[in-house]
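Chains as they are written, first to last, in my numbering: chain A, 65 to 290; chain B, 193 to 569.
Everything labelled a hint here was simulated from the structure, so no lab data went into it. Where is the CB? At the ideal position from N, CA and C, for every residue including glycine. Treat the hints loosely; a few may be bogus.
[As the list claims (entries may be wrong)] Pairwise CB distance ranges, derived in the manner of DEER restraints:
#1 A:Arg230 x B:Gly491: 55 to 65 Å
#2 B:Asp543 x A:Pro101: 43 to 53 Å
#3 A:Ala187 x B:Gln486: 24 to 34 Å
[What the hints assert, rightly or not] Output of the computed footprint for chain B on chain A, the stretches with three or more beta carbons under 8 Å from beta carbons of chain B:
#4 117-131
#5 218-229
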Amino acid sequence: MLALALSLALGASGLALQDTATLRQRLDPGTYAALLPVMEAARRDALPLRALEAKALEGAAKRRPGVEIVAAVTQLAADLKAARELLGGSAAGPRPADGDVVAAAEALRRGVPPQEIAELRRATPPATQLDVPLVVLGALVERGIPAAEARRVLEHLLAAGVPAGRLVDIPARVDIALRVGAPPVPALHSALQGLGIPVPPGKLRPGPPRKPGRPPPGPPEPAMAR
Amino acid sequence: MSDRQHPRGRTGPGHGVSTGGLVLVLIAAAAGRATAQRWQVDLTATQARFDTSSGVGAATLAPAFEWQPGPWYALLGGSLSGFEGGDWSGQAEANLSFLLSPAGRLSPFRMELAGSALGTYHSTRLRTAATRAEGRLHWAGPQAGAWVGASAATGWTSAEGSFATASGLSAGTWGGIRQLVGGATFAALRIEGQWFPEANVRLGVAAGPLDLSGYAGWRGAPAGSGFAPQAWAGLSAVAWLGGRVALFLAGGSYPPDLLQGLPKGRYASAGIRLANLRPRVPILQPILRPIYRQEPSGGLLRFELPAAQRVEIAGDWTGWEPVPLQRESGGRWILRVTLPAGVHRFNLIVDGEWTVPAGVTSVPDGYGGRTGLLIVP
Numbered sequence: 065m066l067a068l069a070l071s072l073a074l075g076a077s078g079l080a081l082q083d084t085a086t087l088r089q090r091l092d093p094g095t096y097a098a099l100l101p102v103m104e105a106a107r108r109d110a111l112p113l114r115a116l117e118a119k120a121l122e123g124a125a126k127r128r129p130g131v132e133i134v135a136a137v138t139q140l141a142a143d144l145k146a147a148r149e150l151l152g153g154s155a156a157g158p159r160p161a162d163g164d165v166v167a168a169a170e171a172l173r174r175g176v177p178p179q180e181i182a183e184l185r186r187a188t189p190p191a192t193q194l195d196v197p198l199v200v201l202g203a204l205v206e207r208g209i210p211a212a213e214a215r216r217v218l219e220h221l222l223a224a225g226v227p228a229g230r231l232v233d234i235p236a237r238v239d240i241a242l243r244v245g246a247p248p249v250p251a252l253h254s255a256l257q258g259l260g261i262p263v264p265p266g267k268l269r270p271g272p273p274r275k276p277g278r279p280p281p282g283p284p285e286p287a288m289a290r
Numbered sequence: 193m194s195d196r197q198h199p200r201g202r203t204g205p206g207h208g209v210s211t212g213g214l215v216l217v218l219i220a221a222a223a224g225r226a227t228a229q230r231w232q233v234d235l236t237a238t239q240a241r242f243d244t245s246s247g248v249g250a251a252t253l254a255p256a257f258e259w260q261p262g263p264w265y266a267l268l269g270g271s272l273s274g275f276e277g278g279d280w281s282g283q284a285e286a287n288l289s290f291l292l293s294p295a296g297r298l299s300p301f302r303m304e305l306a307g308s309a310l311g312t313y314h315s316t317r318l319r320t321a322a323t324r325a326e327g328r329l330h331w332a333g334p335q336a337g338a339w340v341g342a343s344a345a346t347g348w349t350s351a352e353g354s355f356a357t358a359s360g361l362s363a364g365t366w367g368g369i370r371q372l373v374g375g376a377t378f379a380a381l382r383i384e385g386q387w388f389p390e391a392n393v394r395l396g397v398a399a400g401p402l403d404l405s406g407y408a409g410w411r412g413a414p415a416g417s418g419f420a421p422q423a424w425a426g427l428s429a430v431a432w433l434g435g436r437v438a439l440f441l442a443g444g445s446y447p448p449d450l451l452q453g454l455p456k457g458r459y460a461s462a463g464i465r466l467a468n469l470r471p472r473v474p475i476l477q478p479i480l481r482p483i484y485r486q487e488p489s490g491g492l493l494r495f496e497l498p499a500a501q502r503v504e505i506a507g508d509w510t511g512w513e514p515v516p517l518q519r520e521s522g523g524r525w526i527l528r529v530t531l532p533a534g535v536h537r538f539n540l541i542v543d544g545e546w547t548v549p550a551g552v553t554s555v556p557d558g559y560g561g562r563t564g565l566l567i568v569p
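Excised from the complex, chain A in its bound form (with noise of 0.2 Å):
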């Protein structure tokens, strides 16, 4: 009786019932109904509901409580949100491509600065697909790299036609030169040198001070120097 009336619900709120019948199947009447407002709010605002219902999805297979689901699924409704708006879109102009929305979000999460994100998009013709060079460029931030630096590398590797297989690449690389020590600004610059990748012209700029590096792990010894 239940799923009747939410399946009324949806069909009253123009949400198609085959978005949301994995849903239905997949977790509990409680929960699908808390989430309905949500989901039917993305349609609205034309977020990539797909991601919003794996995010769901994901939840119920690691058996978190309808609470936490409900909360997860609005917070990555608003986030996409704002990832959306970063990249130029609206619910009634063009659209970003979903891809490029979920990795902004994703971005953002990772302490890439707002501005930066837009900035690539702004710097990137609008056919560019932008989900691989976000990933990388939230990787990057991670690898406590200055975000404009990365961004800025990534506007000229992305313009100079460096294809999204060889950028997935770089963070790797930057992982092993900051392993040997390098400050971050060279690791990255290092990284490029290594892939064979153009180096964008113009000093890199100077990252913020990291530790001393360590030489990456040696032998064991059980005992401590004997």
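Put chain B on the given structure of chain A with help from the hints.
Positioned in the frame of chain A, the structure of chain B alone reads:
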């Protein structure tokens, strides 16, 4: 204290002569394997046999403390042993190391300056002491490294009132594959005008609560030096009962200490260790190794989880329904699935625990955990 605990003299091969053991420790500690502060106390029962005496039993209490503030690494240790028959001995040592990185330059090379001082005292009034200073140039890669160094050392023993000096060159390499790590060193030291070449190898593996390790070494001696070539080896097993208490067994042999005039010996020991945490045998993880590969027959997801019994994956392409992975040889787990280009979110469920594999970029999942990002170019 040591897994090679014995009641008198130095516990490692060639202390005061060799650079091998300490250098490996310093590299490992400087690598971040050691924590900023760690202490341990060993209570050990040992049966030892020196080449200058018959077998003797001993009980030893040995505390140690290591500290790693910034680029510095310090290790302080000591032991107090009581022997059958009423004799006793004490020993102490201090090691200090400083790592230099070329300012403002990216380089896998590091300079290390290290120094140590150690001494022993025996109730028969035998006293010994040694000091060493060493400079090393390290090359450190993600999973292997090497170094070369030069050192100067001094040694003294009250038995003959003699003072010895040494200098020489050393080199070493280390590396790891999964949970097996090892290293080898070579040193050629000139002591009182005569050269003593020495080689050491070490292997260690962490297997669940067990830390297993072994060492072996060889030292040559020039004709007319009064010394014979020596070989030595030993094994140890440390079983951790949680993170703070361990039981250990060790046995093996060690060479004479040329600088302090301490004899070679054999030992078997057992004991209990208390520590603020377990010294982590480094488990070298790949960093951001590609986990998805497009093959002619389709896509392939691959993870290396040698200790796992069951692995599932759940992600946005499965509707977050866990899908089991197939186990292959070498601890690899695979799933054949073709994914569209883009960024996918996923978790592994390893033996029931939701996780993100090491080296995979992740983001907060909104549920207090992390979600991995899988990028399909």
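Indices of hints not satisfied (ascending): Hint check: 1, 2 fail, others pass.
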